[in-house]
Amino acid sequence: MAAVSTVSMLDSTMGVDKLTYEIFSVLENKFLFGCDDPKRSPVAGKERVKVRILSIDAGGSTDGVLAAKSLAHLEAILRRKSGNFSAHIADFFDVAAGSGAGGVLAALLFTRRKDGGGPMFTAEEALKFIVENGRKFSLSSPTGVFRRVFRPSKVFKKAFGCSTLKETAKAVLIPCYDLSTGAPFLFSRADAVEMEGCDFKLAEVCGATVADRAVEMKSVDRKTRISAVGGGVAMNNPTAAAITHVLNNKHEFPLCNGVEDLLVVSLGNGESDSGTGNFMSSPAAFVSIAGDGAADMVDQALSMAFGQASSKSNYIRIQGHGIFGKRHQILDGRKTRSAASDIADEMLRQRNVESILFQGRKVAGITNLQKLEGVAGELIKEQERRKTSVLPPVVLLKHSHSPRTSSSTTLSSISSSS
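In my numbering, the protein residues as written are 1 to 418.
Calculated from the structure, these hints are not laboratory results.
Accuracy of the hints is not assured; some may be wrong.
[What the hints assert, rightly or not] BS3-like mimics (lysine-lysine), calculated; alpha carbons at most 30 Å apart, straight line: (1) Lys250 / Lys387; (2) Lys81 / Lys114; (3) Lys158 / Lys223; (4) Lys223 / Lys250; (5) Lys381 / Lys371; (6) Lys223 / Lys166; (7) Lys114 / Lys154; (8) Lys250 / Lys218; (9) Lys128 / Lys154; (10) Lys81 / Lys371; (11) Lys128 / Lys114; (12) Lys157 / Lys128; (13) Lys223 / Lys157; (14) Lys223 / Lys114; (15) Lys81 / Lys387; (16) Lys387 / Lys371; (17) Lys381 / Lys166; (18) Lys166 / Lys250; (19) Lys166 / Lys387; (20) Lys114 / Lys166; (21) Lys223 / Lys154; (22) Lys128 / Lys158; (23) Lys128 / Lys371; (24) Lys114 / Lys157; (25) Lys158 / Lys218; (26) Lys166 / Lys218; (27) Lys114 / Lys158; (28) Lys128 / Lys166; (29) Lys250 / Lys381; (30) Lys387 / Lys114; (31) Lys381 / Lys362; (32) Lys362 / Lys81; (33) Lys154 / Lys166; (34) Lys81 / Lys128.
Construct the complete structure from the given sequences, taking the supplied hints into account.
This is the structure:
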């Protein structure tokens, strides 16, 4: 009775909204009136919903095709299992992070159409975009000669027009490296919504995250300037940055306190074979090796974190491993569209490889394709949980003039405004 009277008094005197009422009820029941009594909890008997994160690596050995094919397969499975044949990838995730070609995929799949409807691209359409254009904006060739056929801005302007970060359907995070501050810079929808100086055109964001040399760019309000190079240089695997963003962004994810409150799907783009043969002598080979190593370190660290939290099933990694049979099609930068696609198909048929706490890697009994089938099942279960959830896992952000530090956007970059 005490809990009811307290809430009634607050409701009548302060006019709290529904969300505040529900959060207060949870805190009141947990800390004031028996935190160990499940009968008093408003979420008793209900599994807590999770924040769903999609993370996509930079180009890898398939120039983004492996992740694009993984997403096309995943979207097809989600449509079949849910019975909603117009469903999009963005319907099943709350956050999308992508670096390099992965950042382009995140933008394609999570940007709203101009008519206010669903996302601009289906996963199948995004796959077609990557296959047709991926080689044009890849960071480097296997021989070490940086490709500069033309600036990719034309391709991105045609795809995104004047759309900006604020116009993405869900939280989006796309990294680059800012040469002016010597630090990573994370383009963030949350920052764009809250601070005008952090909103950038998506065409330019995509150009920055795949850039093979410095790209000078300004925010929409012209007040923030950065000198960007590709996201793969700074953050080949952006999964850790995405998780950090969610756990520290209490404005948008107020109830997310640890990895047990997350469901993470991390997509690789195929490990390169740059460390073998004559490729070893090229500068680009060392860039590829460093990128692969950084991505693996992130995977190992996250496997440890999720394993220790007894929530390992909340973290799924899809990655392809060394395929050398197609090398003759890759030599001298002559990789064809079909070669990257064939390599990606082979990698999807590979058995999934998991990072095991203190035990290195373990080859699973199922393939990457079968793993995606299981991922789809978990995402649909999570979607169903939300229909009966008392508290929403994500809160709509509102514009604010006060900066915050919930993302990895560097304050030094913001302070370089003109």
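Hint check:
no. : hint            : result
1   : Lys250 / Lys387 : holds (22 Å)
2   : Lys81 / Lys114  : holds (29 Å)
3   : Lys158 / Lys223 : holds (25 Å)
4   : Lys223 / Lys250 : holds (26 Å)
5   : Lys381 / Lys371 : holds (16 Å)
6   : Lys223 / Lys166 : holds (16 Å)
7   : Lys114 / Lys154 : holds (19 Å)
8   : Lys250 / Lys218 : holds (28 Å)
9   : Lys128 / Lys154 : holds (17 Å)
10  : Lys81 / Lys371  : holds (15 Å)
11  : Lys128 / Lys114 : holds (21 Å)
12  : Lys157 / Lys128 : holds (17 Å)
13  : Lys223 / Lys157 : holds (21 Å)
14  : Lys223 / Lys114 : holds (26 Å)
15  : Lys81 / Lys387  : holds (17 Å)
16  : Lys387 / Lys371 : holds (25 Å)
17  : Lys381 / Lys166 : holds (29 Å)
18  : Lys166 / Lys250 : holds (19 Å)
19  : Lys166 / Lys387 : holds (27 Å)
20  : Lys114 / Lys166 : holds (13 Å)
21  : Lys223 / Lys154 : holds (24 Å)
22  : Lys128 / Lys158 : holds (15 Å)
23  : Lys128 / Lys371 : holds (23 Å)
24  : Lys114 / Lys157 : holds (14 Å)
25  : Lys158 / Lys218 : holds (19 Å)
26  : Lys166 / Lys218 : holds (15 Å)
27  : Lys114 / Lys158 : holds (14 Å)
28  : Lys128 / Lys166 : holds (25 Å)
29  : Lys250 / Lys381 : holds (25 Å)
30  : Lys387 / Lys114 : holds (28 Å)
31  : Lys381 / Lys362 : holds (27 Å)
32  : Lys362 / Lys81  : holds (29 Å)
33  : Lys154 / Lys166 : holds (21 Å)
34  : Lys81 / Lys128  : holds (23 Å)
Checked against the numbered hints listed earlier, the structure breaks none of them; every hint is satisfied.
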